[in-house]
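Colleague: Okay, here's what each chain looks like letter by letter:
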Amino acid sequence: MIIVSWILIIIMIVLAILSVQFKDLLAAVVAMGAVSLIISLLFLLLQAPDVAMAEASIGAALTMIIYIIVVRKTERREK
Amino acid sequence: MIRKITYTIFLSIIVATLILFFVAFPFGKNKMGVGKYYLNNDIKQTGAANVVTAVTLDYRGLDTLGEVTVLFAAAAGVSILFYLIDQDKKKRERQVYPNFIVRVGSRIIFPFILLFGSYIFIHGHLTPGGGFQGGSIIASGFLLLYLAYPGERVNRKKLAVTEGLAGLTFVVFGAIGIFTGAHSFLFNFFPKGTLNMLFSAGILPILYIAIGFKVGSEFAGIIDDMMCQTVCGGEK
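Taken in sequence, the protein lines are chains G and H.
Taken in order, the first sequence gives residues -8 to 70; the numbers are from the numbering used here.
Taken in order, the second sequence gives residues 3 to 238; the numbers are from the numbering used here.
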């Protein structure tokens, strides 16, 4: 389990760096949603299912869709 | 130059204070006795099998009321912000309807999402989850419908009525506690019942059902505001 959580943490850090670095804002938003999903898995591994559910539904679904709407209203490429 | 030196001195003072502060706390040791108190007395005092629910709704019920109020203020702020945008200047994009599979599939899945969210907040005192989680799951079901049917809208008036009634339920059940027993707001005045049964833990299930409805309708309202900036059909 410790190995799994370390792998998840490394993937999460890589995705977080990528979400800042991407020039395509839609890809950055998707990377951010993936970070939220992995955080919710980590909460589950840390035996906090209440927080995991809140993070998965709010962080990975609702926040991401709001960002996607904003990207759609403005511009997709970062200048 | 002087400014840089001042900044450096200030920064080093802050860092030194933080280091001294964190050295004083032994890492990994339990400094607070309140957690052990909750774990030992939760079942006897509240009758809730889920200790997290007992803490958030019974021991810290007033904080949850504040949390719900903050969420209401945020939803109202989003509504006001988008209402102030000039209605004529809204750019209407060409509506792109999703294909057949998305439309029919979302119509089949939507009741099950509602059922799952309701299950989570009704069983909040028994299993992990509660009003906030269940409400946001219900709101994501509404989001699915918005994505599948861009021309349709939810009835905002019914959403507002649901939200108001749910908030009123929370406050009324809290206020009844003032007139009974311990004379305190949000006092758990119902019988505790048997542990691990659906009808147990006094007023906690009622409060969590109210929070579930409130959070679900607030998030659905926010989604409605956001989606109507891009794709939206009917009138408010």
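Simulated from the structure, these hints should not be mistaken for lab results.
Mixed in with the good hints there might be a few duds.
[Unchecked claim] Taking CB as the label site, the calculated pair distances span:
#, chain 1, residue 1, chain 2, residue 2, range
1, G, Asp15, H, Asn43, 21 to 27 Å
2, G, Ile4, H, Phe23, 23 to 29 Å
3, H, Asn101, G, Lys70, 30 to 36 Å
4, H, Val163, G, Leu9, 23 to 29 Å
5, G, Val(-5), H, His185, 32 to 38 Å
6, G, Phe13, H, Thr71, 45 to 51 Å
7, G, Leu35, H, Phe84, 45 to 51 Å
8, G, Ile4, H, Leu41, 19 to 25 Å
9, H, Asn101, G, Thr65, 34 to 40 Å
10, G, Ile(-2), H, Leu197, 37 to 43 Å
11, H, Val104, G, Ile(-6), 23 to 29 Å
[As the list claims (entries may be wrong)] Chain G is faced by these chain H residues, among others (derived, beta-carbon under 10 Å):
#, residue
12, Leu67
13, Thr71
14, Ala75
15, Ala78
16, Leu116
17, Ile124
18, Leu128
19, Pro130
Backbone N, C-alpha and C define an ideal beta-carbon position, used for all residues, glycine too.
Colleague: None of the hints should be skipped; say for each whether it holds.
Modeller: Consistency of the hints with the structure:
| no. | hint | result |
| --- | --- | --- |
| 1 | G:Asp15 / H:Asn43: 21 to 27 Å | violated (53 Å) |
| 2 | G:Ile4 / H:Phe23: 23 to 29 Å | holds (26 Å) |
| 3 | H:Asn101 / G:Lys70: 30 to 36 Å | holds (33 Å) |
| 4 | H:Val163 / G:Leu9: 23 to 29 Å | violated (44 Å) |
| 5 | G:Val(-5) / H:His185: 32 to 38 Å | violated (51 Å) |
| 6 | G:Phe13 / H:Thr71: 45 to 51 Å | violated (37 Å) |
| 7 | G:Leu35 / H:Phe84: 45 to 51 Å | violated (35 Å) |
| 8 | G:Ile4 / H:Leu41: 19 to 25 Å | violated (33 Å) |
| 9 | H:Asn101 / G:Thr65: 34 to 40 Å | violated (27 Å) |
| 10 | G:Ile(-2) / H:Leu197: 37 to 43 Å | holds (38 Å) |
| 11 | H:Val104 / G:Ile(-6): 23 to 29 Å | violated (38 Å) |
| 12 | Leu67 | violated (18 Å) |
| 13 | Thr71 | violated (18 Å) |
| 14 | Ala75 | violated (17 Å) |
| 15 | Ala78 | violated (16 Å) |
| 16 | Leu116 | violated (14 Å) |
| 17 | Ile124 | violated (14 Å) |
| 18 | Leu128 | violated (12 Å) |
| 19 | Pro130 | holds (4 Å) |
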